[in-house]
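A.B. asks: Sequence:
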Amino acid sequence: MDTGIVIANTGSPSAPTPDAVETYLSSYLMDPHIRQLPKIAWNILLRKAILPKRRFSSSERYRFVWEEGGAPLVAHQERLRAKVQWMCNREGLLPSATGGVSVRSAMSYGDPSMADALASLREDGSERVLCLPLYPQTASCITGSVADSFERTLAELGWDPPAKGRRGLCPERLLPRGRRLLHRGARLRSASRRPPRTLVSLGSAQGRARRGHLPPAGPTDGGRRGGAARRRPRLRHRVLPERLRAGP
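Its first residue numbered 1, the sequence shown is counted upward by one per residue in UniProt numbering.
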């Protein structure tokens with residue numbers, strides 16, 4: 001194969017049992033990208049306080065979602081791997097790969113490991129390798145961990161092909177435009193569903209207008225402001241009667 005692709009994700013324990021979950025959580029929480037304390041102090045806290053409780057509570061949650069084929073994340077990613085390989089080879093999803101594409105699934109923690117995926121691509125004769133983290137965002141604790149694992153495993157295998165590790169699925173040049181579209185959509189939704197606002201005061205409307213809390217009402221207000229006044233949200237003013245006013 002000309003090109004090898006590794007699709008990477010976080011991972012899952014090998015079984016929904018307390019021992020397997022403890023092994024998985026230990027490797028996950030000891031990752032330098034995850035822990036925020038010195039290694040020795042964090043290891044003591046992990047062994048004495050976190051793992052003894054989480055190994056049982058997390059194993060129950062994994063047992064609830066476990067499938068016949070194993071961990072849901074691993075099983076679904078394997079189906080995704082087969083689909084991506086088929087699309088690359090049959091539909092030309094990767095035009096630069098003229099000699100064929102081989103896709104492998106890998107997990108940062110647990111199986112299938114990054115070492116197994118890269119060793120398999122090396123045996124298939126891949127001449128270049130692309131690592132693609134399956135995360136929509138970029139962060140040190142996820143995409144950074146995958147990229148470091150990818151580079152470290154290549155060094156451990158003594159394999160030096162032309163390699164590239166993506167730090168996320170979203171290209172940086174699309175982020176500003178994506179933000180603008182999201183903000184524009186939020187403004188449109190907010191404007192279409194904005195209810196008329198009601199201002200409740202403890203005095204008369206005329207008195208509050210004189211003190212500057214409300215714009216003075218009158219036929220000349222709309223004439224001066226023109227379209228700007230018509231675009232303002234509707235404002236209803238309600239004055240509470242004396243018997244409902246709080247305070248001395």
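Calculated directly from the structure, the hints in this document are not laboratory data. One or more hints might be untrue.
Cross-link-like lysine to any residue pairs, in silico, SDA-like; alpha carbons within 25 Å at most [claimed, not checked]: (1) Lys53 to Tyr28; (2) Lys53 to Thr17; (3) Lys39 to Glu156; (4) Lys48 to Lys83; (5) Lys53 to Lys83; (6) Lys48 to Gly69; (7) Lys53 to Ser120; (8) Lys48 to Cys141; (9) Lys53 to Glu78; (10) Lys39 to Glu60; (11) Lys48 to Glu68; (12) Lys53 to Pro18; (13) Lys83 to Ile7; (14) Lys39 to Ala163; (15) Lys48 to Thr23; (16) Lys48 to Glu67; (17) Lys48 to Ala20; (18) Lys39 to Ala155; (19) Lys83 to Ser120; (20) Lys53 to Ile7; (21) Lys83 to Arg54.
A.B. asks: Could you grab the alpha-carbon distance between Lys83 and Ile7 and see if it respects the 25 Å cut-off?
C.D. replies: holds (12 Å)
A.B. asks: Checking one constraint from the list: CA of Lys83 to CA of Arg54, max 25 Å. Satisfied?
C.D. replies: violated (35 Å)
A.B. asks: Assess, step by step, whether the Cα of Lys48 is no farther than 25 Å from the Cα of Lys83, and give holds or violated.
C.D. replies: Violated, at roughly 43 Å.
A.B. asks: Does Lys48 pair with Thr23 here, judged by a C-alpha cut-off of 25 Å?
C.D. replies: holds (15 Å)
A.B. asks: For a C-alpha distance cap of 25 Å, please report whether Lys53 and Thr17 respect it.
C.D. replies: With Cα atoms ~13 Å apart, Lys53 and Thr17 stay inside 25 Å; holds.
A.B. asks: Lys39 and Ala163 were given as a pair; does the straight-line alpha-carbon distance stay at or below 25 Å?
C.D. replies: At roughly 31 Å apart (the allowed maximum being 25 Å), Ala163 and Lys39 break the hint.
A.B. asks: Taken at face value, is the distance from the CA of Ser120 to the CA of Lys83 at most 25 Å?
C.D. replies: The given pair, whose Cα atoms are some 18 Å apart, holds under the 25 Å limit.
A.B. asks: Lys48 and Ala20: Cα distance at most 25 Å?
C.D. replies: holds (18 Å)
A.B. asks: Could you grab the alpha-carbon distance between Lys48 and Glu68 and see if it respects the 25 Å cut-off?
C.D. replies: Measuring from Cα to Cα gives roughly 33 Å; hence the hint is violated.
A.B. asks: Tell me if the straight-line CA distance from Lys48 to Glu67 falls inside 25 Å.
C.D. replies: violated (31 Å)
A.B. asks: Is Lys39 close enough to Glu60, meaning Cα to Cα at most 25 Å?
C.D. replies: Violated - the C-alpha atoms of Glu60 and Lys39 are around 28 Å apart, more than 25 Å.
A.B. asks: If you draw a straight line from the CA of Lys53 to the CA of Ser120, is it 25 Å or shorter?
C.D. replies: violated (37 Å)
Of the numbered hints listed earlier, those contradicted by the structure are 4, 5, 6, 7, 9, 10, 11, 14, 16, 20 and 21.
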